[in-house]
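Student: Here are the chains, one letter per residue:
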Amino acid sequence: MNFKKLFAKKSFTATQQGTKGVTMYRIFSCLLIALLGVVVNAAQAADKPVLTIYTYDAFAADWGPAPKIKKAFEGQCDCQLDFVATDSSIGILRKIQLEGAATKADIALGLDSNLTDVAGKTGLFAAHNADAGALSLPIAWQNTTFLPFDYGYFAFVYNSEKVKAAPASFEALAALPDDFKIVIQDPRSSTPGLGLLLWVKKTYGDKAAVLWKRLAPKILTVTKGWSDAYGLFLKGEADMVLSYTTSPAYHLIAEKDARFKAAAFDEGHYMQVEVAAIVKSSKQQQLARRFMQFMLSGDFQSVIPTTNWMYPAANTAGDLPKGFDTLHMPKTSLLMSGAEVEKNRKVWFGEWLAALNR
Amino acid sequence: MRPGGGIVSGSSLPGLLVGAGLIILAGSVFGVILGLQSEMTPGDNVGSSIAHVLGFTLLQASLSTILAMSVGVAVAWALCHQQRFPGRGLLVALLATSMVLPTIVVVLGLVTVFGRNGWLNHVADLGNLSIGGAIYGLGGIIIAHVFMDGPFVARGLLQRLEAIPAEHLKLGRSLNLSAWQRFRLIEWPAMATTLPGFSAIVFLLCFTSFPIVLILGGSPKFNTLEVAIYEAIKLEFDLGRAMQLALVQLAVCGGLVMLAAGYRPQDASISTSAARPIWPEPRRIIIVQAAIIGLFLAFFLSPLISVLIDGLAADLTGLFADSTFQRALGTSLVVALLSSAVTLACALAIALAKRDLASPLRMAQNRRTRLVSWLLSFSGMLYMAMPALVLGLGFFVIARASGVDTTRAAPLVVVIANVLIALPFALAILVPAAEKAALRFDRQALSLRLKGLARWRIVEWPLIRAELGFAAALSFCFSFGDLGVIALFGSRDFATLPWLLYQKMGSYRTTEAAGIALILFVVVLVVFVVVPRLFQGRRYAQT
Chain A
326 MNFKKLFAKK SFTATQQGTK GVTMYRIFSC LLIALLGVVV NAAQAADKPV LTIYTYDAFA
386 ADWGPAPKIK KAFEGQCDCQ LDFVATDSSI GILRKIQLEG AATKADIALG LDSNLTDVAG
446 KTGLFAAHNA DAGALSLPIA WQNTTFLPFD YGYFAFVYNS EKVKAAPASF EALAALPDDF
506 KIVIQDPRSS TPGLGLLLWV KKTYGDKAAV LWKRLAPKIL TVTKGWSDAY GLFLKGEADM
566 VLSYTTSPAY HLIAEKDARF KAAAFDEGHY MQVEVAAIVK SSKQQQLARR FMQFMLSGDF
626 QSVIPTTNWM YPAANTAGDL PKGFDTLHMP KTSLLMSGAE VEKNRKVWFG EWLAALNR
Chain B
1176 MRPGGGIVSG SSLPGLLVGA GLIILAGSVF GVILGLQSEM TPGDNVGSSI AHVLGFTLLQ
1236 ASLSTILAMS VGVAVAWALC HQQRFPGRGL LVALLATSMV LPTIVVVLGL VTVFGRNGWL
1296 NHVADLGNLS IGGAIYGLGG IIIAHVFMDG PFVARGLLQR LEAIPAEHLK LGRSLNLSAW
1356 QRFRLIEWPA MATTLPGFSA IVFLLCFTSF PIVLILGGSP KFNTLEVAIY EAIKLEFDLG
1416 RAMQLALVQL AVCGGLVMLA AGYRPQDASI STSAARPIWP EPRRIIIVQA AIIGLFLAFF
1476 LSPLISVLID GLAADLTGLF ADSTFQRALG TSLVVALLSS AVTLACALAI ALAKRDLASP
1536 LRMAQNRRTR LVSWLLSFSG MLYMAMPALV LGLGFFVIAR ASGVDTTRAA PLVVVIANVL
1596 IALPFALAIL VPAAEKAALR FDRQALSLRL KGLARWRIVE WPLIRAELGF AAALSFCFSF
1656 GDLGVIALFG SRDFATLPWL LYQKMGSYRT TEAAGIALIL FVVVLVVFVV VPRLFQGRRY
1716 AQT
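In order, the protein sequences belong to chains A and B. Position one of the first sequence corresponds to residue 326 (this note's numbering), numbered consecutively onward. Position one of the second sequence corresponds to residue 1176 (this note's numbering), numbered consecutively onward.
Derived from the structure by calculation, the hints contain no laboratory data. Even glycine gets a Cβ: it sits at the ideal position worked out from N, Cα and C. Among the hints, a few may not be true.
[Stated by the list, open to error] For each label pair, taking beta carbons as the anchor points, the in silico distance ranges come out as:
{"#": "1", "chain 1": "B", "residue 1": "P1261", "chain 2": "A", "residue 2": "T651", "range": "42 to 48 Å"}
{"#": "2", "chain 1": "A", "residue 1": "K668", "chain 2": "B", "residue 2": "P1189", "range": "25 to 31 Å"}
{"#": "3", "chain 1": "B", "residue 1": "R1583", "chain 2": "A", "residue 2": "T631", "range": "32 to 38 Å"}
{"#": "4", "chain 1": "B", "residue 1": "S1577", "chain 2": "A", "residue 2": "Q401", "range": "36 to 42 Å"}
{"#": "5", "chain 1": "A", "residue 1": "K527", "chain 2": "B", "residue 2": "R1583", "range": "52 to 58 Å"}
{"#": "6", "chain 1": "A", "residue 1": "Q422", "chain 2": "B", "residue 2": "V1704", "range": "42 to 48 Å"}
{"#": "7", "chain 1": "B", "residue 1": "V1704", "chain 2": "A", "residue 2": "Q401", "range": "50 to 56 Å"}
{"#": "8", "chain 1": "A", "residue 1": "K538", "chain 2": "B", "residue 2": "L1304", "range": "29 to 35 Å"}
{"#": "9", "chain 1": "A", "residue 1": "T631", "chain 2": "B", "residue 2": "L1304", "range": "41 to 47 Å"}
{"#": "10", "chain 1": "B", "residue 1": "I1480", "chain 2": "A", "residue 2": "K538", "range": "36 to 42 Å"}
{"#": "11", "chain 1": "A", "residue 1": "K393", "chain 2": "B", "residue 2": "A1516", "range": "37 to 43 Å"}
{"#": "12", "chain 1": "A", "residue 1": "K396", "chain 2": "B", "residue 2": "G1302", "range": "55 to 61 Å"}
{"#": "13", "chain 1": "A", "residue 1": "T651", "chain 2": "B", "residue 2": "I1480", "range": "36 to 42 Å"}
{"#": "14", "chain 1": "A", "residue 1": "H653", "chain 2": "B", "residue 2": "L1265", "range": "47 to 53 Å"}
So here's chain B without its partners, still in its complex pose (with noise of 0.2 Å):
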């Protein structure tokens, strides 16, 4: 390995075959439908024109963006700075949860909180106001992004703000620094070189979100394009119709991608010191804070309360008795941990090819390299700008035209689809970490001579395993929750708990559905606070 030689070195191998796969697959998905089209034939559409569908989708994907990534900073910093009140722990494990929810339990939960007839409707009541019907609509779309993803902002944010490094902050602290002043001076900066990825992230989930806006949206005249490329795909069958819609949703967001894929943090800062010095807050910034995270809990945790009082009506014993769900639960179960670790090694793979791209000791001053480097983000992120319908219908036809059965195909199809999904957030957890833990071990590690497993033992796990946890927890839980490719491929023999809630929902068993919400909730939970905890292990005793 000769620094700055720009060869492809064995570590970097994996990834870049893992990115390659990832790009290939991409390109086979449109080429056979595509292909597919010809042999049907199109209709003339009866969808909204695709400026306005454009349009709206653009508005409402910025203004929740921008309200997600306001709440996400407030609650960040309001947390970073409360570090012992009871139950922190569990809402820092909870932030993450409501981003892999199903999201009709999440819209179900919100209505009961925010609807027509929900709490805060019959609390107003007493003082003879109303918000009536404000949940429905444009003000519901986005009400349900925030809480979907301002949460997910703040989880990531938090960490970022919690790795200041102590010196930073004696110094800041030795300079009687005021609140506001640290907070432009010392975090803002720390917090700034992951906004740009955050906001990209926020932006492209809201802009291909569709069971909410489906909903919430009250009215046909607030369709996003995913919704759109539902309707010609679904109901028209126009294929011809979808894969134009799917080729201006993937200019739009593609572009995104590419330039949130070529953005690097430059930030080096690592925290050496797990304690953090302390920085007594005076009395009026406490209450500020204070009030930011309450204000949070009132409006995030109300609607999971309700999700557990729904579930807890149900006839719960009933339920684990029946054969239907258990196999439900052992399908979810044992899909979620295959797709968690198959994202858990193509992250990885990724992330260790793009840090050795990115180490200055290694190829990063080759121009190449930097576009391949590129290109290995892109194909991670790729997959966020692909409608889920698209990539199902893609797979069904390659299965088909493969000779696979298709319902035999299934397992595959669906832990195939499932780690695409996670794959953008478990790179955007796994590469900073990897790239830094390079940036400040790499001289030592070289002249150690220190390679293969022996520097993956010494370096790299001690320094990301907390990511590694955080990264196996969020894919578990996508695929758990998942309902996107399932709905083309499900079947009797092959169902998971999201279709099974769904099929009770669709014949009348509200409060059977509401029973396994709970339980998919309570699962999200457990492995949120459980699974980090796992691989943290002796995070403290090392540094």
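Excised from the complex, chain A in its bound form (with noise of 0.2 Å):
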């Protein structure tokens, strides 16, 4: 007689019938607090005006801007602010496209300067009538709909204890011998992309397929978005991943590690300028419009560098954190006006596509 085995079993059916009991018991609070959540927040809704903001999903994290900037917010504007996150820069403007005049967003906020004019033209953006007399970016921004709220440069991030000696400019890089690879993301999905492909065409022009031509042994693989290149990166599969000047900052500050650096290249890097805007459909005009003035306030400025990791777009930030300073400060900035990006995009895709498919 197997006693062991018995008494295995029957212990087995209790506790199966114990799980099924907890399991229901689970289920049925798990929809009730459920339930009382949308009570609470129809609740809420009625008492304080709710501005809704649509960015992506990084800004909105538990760790990102979002919440410093919710608290700050509230705490002088007797409402209610709620972040919703999209999975991409891009996904903010097509979940607004989608929803249409039925939108609940008030303001997009984390599209990228070069797909201001692609966003314009959909009409669905309002002026955002702000003083912008705080901002101090490297370039003059003249835009009266979109409202930058910070910057970064694009830029080769390695591991400085395995590549000793990093190539200052795309020529150095294109030299290099093909077991040298690098990551980069496709510029159709992934911001960071686009602005490569952006940074290769204005250094140089005609001459860029050339360049591409050149480059396509090193590029060890294109993936879809920035994290999805950065992981790869970290598992030291390629020795350097197309990021920002301001990447290290996060391993410095937060990891305190400091083998990371960005490769300073001579001809100058890309910028990346985020921006917002105000929903031509919102409801909520007046308090939207004070977003936007508070977005270029201390209170908003000074969360940017250690949650986003960028530079903050205006000079009511105070002094940048301690580990800026080591970072590299491209002396030349670049960037294309939103209408020749949205001009020309698509030619130079099909350049970009042409090259790397050879």
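Hints given; two lone chains; assemble the complex.
Tutor: And the structure:
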């Protein structure tokens, strides 16, 4: 007689019924909580005006800028600030386009300067009417619909323990042996990918395709988004990854790791300016305008460096956190107008595809 | 219930309704997107030509399918004859997990092992060899597909092999068949009936594969239709081109689905005793089998172990104390439970209806019933051919058109989408089991006038509970690791674990992402070990 087996079986049936009961209980309690949540939400909404901001996921994340900005703005506006996360920068625009006039968004935050023309053409956004005097970008900013909140520079990031002599220009990169590998992002799906395409175009003009052909053997893989590429790089798969000059600051400040560096390129670095705009169909125009002005204030700007790992767009931010001083600050800032990008985007994509398909 | 009468019986009604609902849903998703297209101005396309994309998609899917099927057959055969070695039970449970893990977890695991800086290259370095960056490009796409789908095929075929009636094996042994003869005369026929079904599923999975191609593809020239659809919708917002591509995909996959739906395994043999007769293997065959299992273990386990190692480096206690993580875990569990329950209900309804239509004592002779039965299979498998983005977009527009707030509709939509993704697999598992149970016991049950719940309890439940358990575990895990529709509907208030994982990866937090990946993996594994046992209960006492 196998007592052990018999015992095991008995207790097994008992737990089986036990778990069933607990599971049912859990499901019901979860549903109840969800229901309660809806009711509470509705009640809150009745009290105060709600300002809804669509933004990309990393901005809205609990460790991103959103929670601190919510707290600061709610402290002065007698309103409720809600962030809704989309999966990417372009996802913000697509979501508002899909929802059309019924969209809940009052503000779109996190578009990039290369997208302003595409977004502007949809006619979904209204003038911000904010006093942009506090802006301190390395370039002049004229757009009256889209207002910058931070900026950064694209750069190739490497591990200084593994790469002793990083290339200092595209020419030097192209001249390296083919077993030096880089990971880049697809310009059609990722803003850094698009930034690199424009960076090369701005530097090489008509000869861009020639450079891409020389770079092709060094491209380990082309990923859809920044995170896939950066993940591969951190695994040691590639020698360099396309990211930002500010990426090393994250490793230095948050992880106390000084190994990562951005390769400084002689031709200068292409900029990314992140912008926000008021949605035309919003019923909270006044509150939305108030937020746009708040965006350039110190309460907002000082949060940016160590949560979004970018440079603040206004001079209200105060001193940059320690560690940012070690970063490479490009002497030449490269940027194309949104209109120029929009006009040529398709031709340039075609040229890029053809050069890499060879 | 008149035998051969062609009447819709009570037990097939729910299944027919579910099937009709599925087809109507697919139709309306396409309808609303086509309607939406007229609202938007289509742009001229940027991507490669459709013929080029289609050509590459077909090539990689065919190569991946052939390899995954070969690996599946070899491993199932070896495992079937090696019933006793330590860890075998765990290995069999692990087989199905590779397919339901979030792809990004699998891809990073594969890169850790086979990548440029991977374990294999470090080992090869010792002998001055290197596979370099072979994981990127066509090779990488195929390796990843074999890793994800091969074990699933192995697990399915292993079940078939273990269900070979003991009488066949006893007879074979008394005839003194060699291992090769045994394979050709007994085992191959037993597997052959399910091979077309499995090949179709694997081919569809590879054909519509998306994140793998994006990360490991290496270059934009390796583009699949699904990726092209992603580009058309996400980047160009050119819904016209997206629908054009989606229709090409549906035409190719739909054709395959139609063939697979019309295909019915003819094999009615069912194992009557749980105990396999002993058939000692010759020594060299044992060596071959051990080698197959060993190689497979190395290939299959090393990426999973790397997920484990990377995950353990994360601050797991800190993760569990994090309220965002707790909420995401809770949401994922509830969504997966609901999806799994609904999938099971739908699959069971369709399976029972198909059984009614297939059973020779019921309505099988009728030509019309054959069409209905085909339509039922088609409705369940249809969603394998539907691009996830098209599905998500369709739901989004439907929610908008019906005046539902899209953030409030999110939980419902995600559950529905997860059910649709898991349904083809649940059907592939449940339909043959239900048909076999009917073939075996219909005559007795009908003559005893066993009906309804009583019949279910006595006939179906004991025979298909194991399959129910497997289907439940599979659909739970599919939902738990899914990152399809949530990409359009997710928000701070409705985040699942895979969504959180991507958020962490998207903001430098790779170690925390690795921790979440580990937790996802452990939950999936535990579900695959525990759930089938819950359903199995006292299985052996019944037979």
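Student: Given the hint of 52 to 58 Å, is the C-beta distance from A/K527 to B/R1583 inside that range or not?
Tutor: Violated, since A/K527 and B/R1583 (Cβ atoms, about 45 Å apart) do not stay within the stated range.
Student: At the C-beta level, are A/K396 and B/G1302 separated by a distance inside 55 to 61 Å?
Tutor: holds (58 Å)
Student: Could one say that the CB atoms of B/P1261 and A/T651 fall in the range 42 to 48 Å?
Tutor: violated (53 Å)
Student: Please test the hint of 29 to 35 Å on the beta carbon pair from A/K538 and B/L1304.
Tutor: Hint holds: Cβ distance 30 Å, inside 29 to 35 Å.
Student: Honestly, do B/I1480 and A/K538 meet the 36 to 42 Å range at C-beta?
Tutor: Given about 40 Å between the Cβ atoms, the range holds.
Student: Does the Cβ distance between A/H653 and B/L1265 fall inside 47 to 53 Å?
Tutor: Given range 47 to 53 Å: holds, Cβ gap about 50 Å.
Student: 32 to 38 Å was suggested as the range; check whether the CB atoms of B/R1583 and A/T631 agree with it.
Tutor: 34 Å Cβ-Cβ, so the 32 to 38 Å window holds.
Student: Are A/K668 and B/P1189 spaced within 25 to 31 Å by their CB atoms?
Tutor: violated (57 Å)
Student: Between the beta carbons of B/S1577 and A/Q401, is the distance compatible with 36 to 42 Å?
Tutor: holds (38 Å)
Student: Holds or violated: the 50 to 56 Å window for the beta-carbon distance between B/V1704 and A/Q401?
Tutor: Given range 50 to 56 Å: holds, Cβ gap about 54 Å.
Student: Do the Cβ positions of A/T651 and B/I1480 conform to the proposed distance bound of 36 to 42 Å?
Tutor: holds (37 Å)
Student: Quick check: does the Cβ-Cβ distance between A/Q422 and B/V1704 fall within 42 to 48 Å?
Tutor: Because 45 Å falls inside the window, the suggested range holds.
Hint compliance for this structure: hints 1, 2, 5 are not met, and every other hint is.
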